[in-house]
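Engineer: Let the hints inform the model, and build the full structure from the sequences given.
Residue numbers (my numbering), protein chains in the order written: chain A, 218 to 337; chain B, 218 to 337; chain C, 218 to 337.
Each hint should be verified, as a subset may be incorrect.
Any copy, or any two copies together, can satisfy a pair, since identical chains are not distinguished.
Simulated pairs of lysine to any residue, SDA-like, Cα-Cα distance not exceeding 20 angstroms [what the hints assert, rightly or not]:
| no. | residue 1 | residue 2 |
| --- | --- | --- |
| 1 | LYS239 | ALA302 |
| 2 | LYS239 | ARG303 |
| 3 | LYS239 | PRO268 |
| 4 | LYS239 | ASP281 |
| 5 | LYS239 | GLY278 |
| 6 | LYS239 | THR315 |
| 7 | LYS239 | ALA284 |
| 8 | LYS239 | LEU279 |
| 9 | LYS239 | THR282 |
| 10 | LYS239 | GLY256 |
Derived by calculation from the structure, the hints in this document are not laboratory data.
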Amino acid sequence: MSVNRDTVDDGVVVHLPEADPKRQETVLRNVANLLRALGPDTVVELVTHGPGVELCTGETGLADTVADLQQRGVTVCACANTVAARQLAESDLLPGVTVVPSGIAHLVVRQRQGWSYLRP
Amino acid sequence: MSVNRDTVDDGVVVHLPEADPKRQETVLRNVANLLRALGPDTVVELVTHGPGVELCTGETGLADTVADLQQRGVTVCACANTVAARQLAESDLLPGVTVVPSGIAHLVVRQRQGWSYLRP
Amino acid sequence: MSVNRDTVDDGVVVHLPEADPKRQETVLRNVANLLRALGPDTVVELVTHGPGVELCTGETGLADTVADLQQRGVTVCACANTVAARQLAESDLLPGVTVVPSGIAHLVVRQRQGWSYLRP
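Structural biologist: Below you can see the structure in the form of structure tokens.
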């Protein structure tokens, strides 16, 4: 995706603050369903912070599903505050994960751009 | 309600993805409070998907409260993906339930129209 | 803060309906992170209702953190419906807590003004 997301006004941010693998799996399935329903060009960012960041380290065992969604254009974001608090290195994150300065603030920034918000 | 919801720009979508009867009861009470506070003409859609669809089958024992809210103009929606995955027939759903193609996508479609989003 | 919030169009409402102290602590930390990331002038209202109101009575042991956020301009709101249902007096609430007629409706009123919504 070479889309400049800062000019998109109809994207979707999906909020994932939890580490439970079952819940994370559900959220990833929700994102896949969203793309199927709204079309493959839908701009979606999955924003993890707090324990939710374990999606981005692969700790919850969902690396393959993450990679699949990324290949379909979904941006998977990890919160820099959480990354720092957990003393994670860039190399601890799955390939292609985008680090945003603050996960919670990013969810607001996107809504201010006009994006929809989902908390599955 | 003969309102064409596709032209409404100040409705409210309420997101219910969970099956726990206590939580579902709380969500239904929240919707009733919302109507009381914002006025009976407020357009509200309660969108269930995943385990949340058990509200729409009556499995969680809340059929009477659902009927009461419907009578007051609330649309109760079930996700077609979930309905298919659970092999439910139209006749398994409570009277008046609206099936939407994708629950998660519907929540985005409404926000894009200008509706507010609540995840109780 | 002498800001008239009814004219603000880029505030943030944060939704807290739960009483679990660990979750409440997380939500308060999220709000602090939000202010740090978006700047101290960001208008934030933390809206509690149902069991979430226990934040506002101090029952969950977070009075100091609440006071700290209030000092930084965050409005902490309790739902009047919940306050009445729990037979709370004004004096049962922490100093500076704002009582709104309906917590759930307030979240919609703010979104209609253009505010972002977070459900941590």
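Engineer: From the Cα coordinates, with 20 angstroms as the cut-off, is the pair LYS239 and ALA302 best called within, between, both, or neither?
Structural biologist: Cα proximity of LYS239 and ALA302: across copies only (17 angstroms, versus 24 angstroms in one copy).
Engineer: Can you tell me if LYS239 and GLY256 fall within 20 angstroms by alpha carbon in one copy, between copies, both or neither?
Structural biologist: The answer is neither: 26 angstroms in one copy and 35 angstroms across copies each exceed 20 angstroms.
Engineer: Within a copy, between copies, both or neither: which one fits LYS239 and ALA284 at a CA-CA cutoff of 20 angstroms?
Structural biologist: within (18 angstroms within a copy, 32 angstroms between copies)
Engineer: 20 angstroms Cα cut-off: does LYS239 pair with ASP281 within a copy, between copies, both or neither?
Structural biologist: within (15 angstroms within a copy, 31 angstroms between copies)
Engineer: Classify it for me, LYS239 with THR315: is the Cα-Cα distance of at most 20 angstroms met within a copy, between copies, both or neither?
Structural biologist: Cα proximity of LYS239 and THR315: none, with 23 angstroms in one copy and 28 angstroms across.
Engineer: Cα distance capped at 20 angstroms. Does LYS239 pair with ARG303 within a copy, between copies, both, or neither?
Structural biologist: between (22 angstroms within a copy, 18 angstroms between copies)
Engineer: Indicate which option fits the pair LYS239, GLY278 if close means a Cα-Cα distance not exceeding 20 angstroms: within, between, both or neither.
Structural biologist: within (10 angstroms within a copy, 25 angstroms between copies)
Engineer: How would you label the pair LYS239, THR282 (within, between, both, or neither) given a Cα cut-off of 20 angstroms?
Structural biologist: within (13 angstroms within a copy, 30 angstroms between copies)
Engineer: For LYS239 and LEU279, with the copy left unspecified, which applies at a CA distance of at most 20 angstroms: within, between, both, or neither?
Structural biologist: Cα proximity of LYS239 and LEU279: one copy only (10 angstroms, versus 26 angstroms across).
Engineer: At most 20 angstroms between CA atoms: does that hold for LYS239 and PRO268 within a copy, between copies, both, or neither?
Structural biologist: Answer is both: 14 angstroms inside a copy and 13 angstroms across each meet the 20 angstroms cutoff.
Hints 6 and 10 from the earlier list are contradicted by this structure; the remaining hints agree with it.
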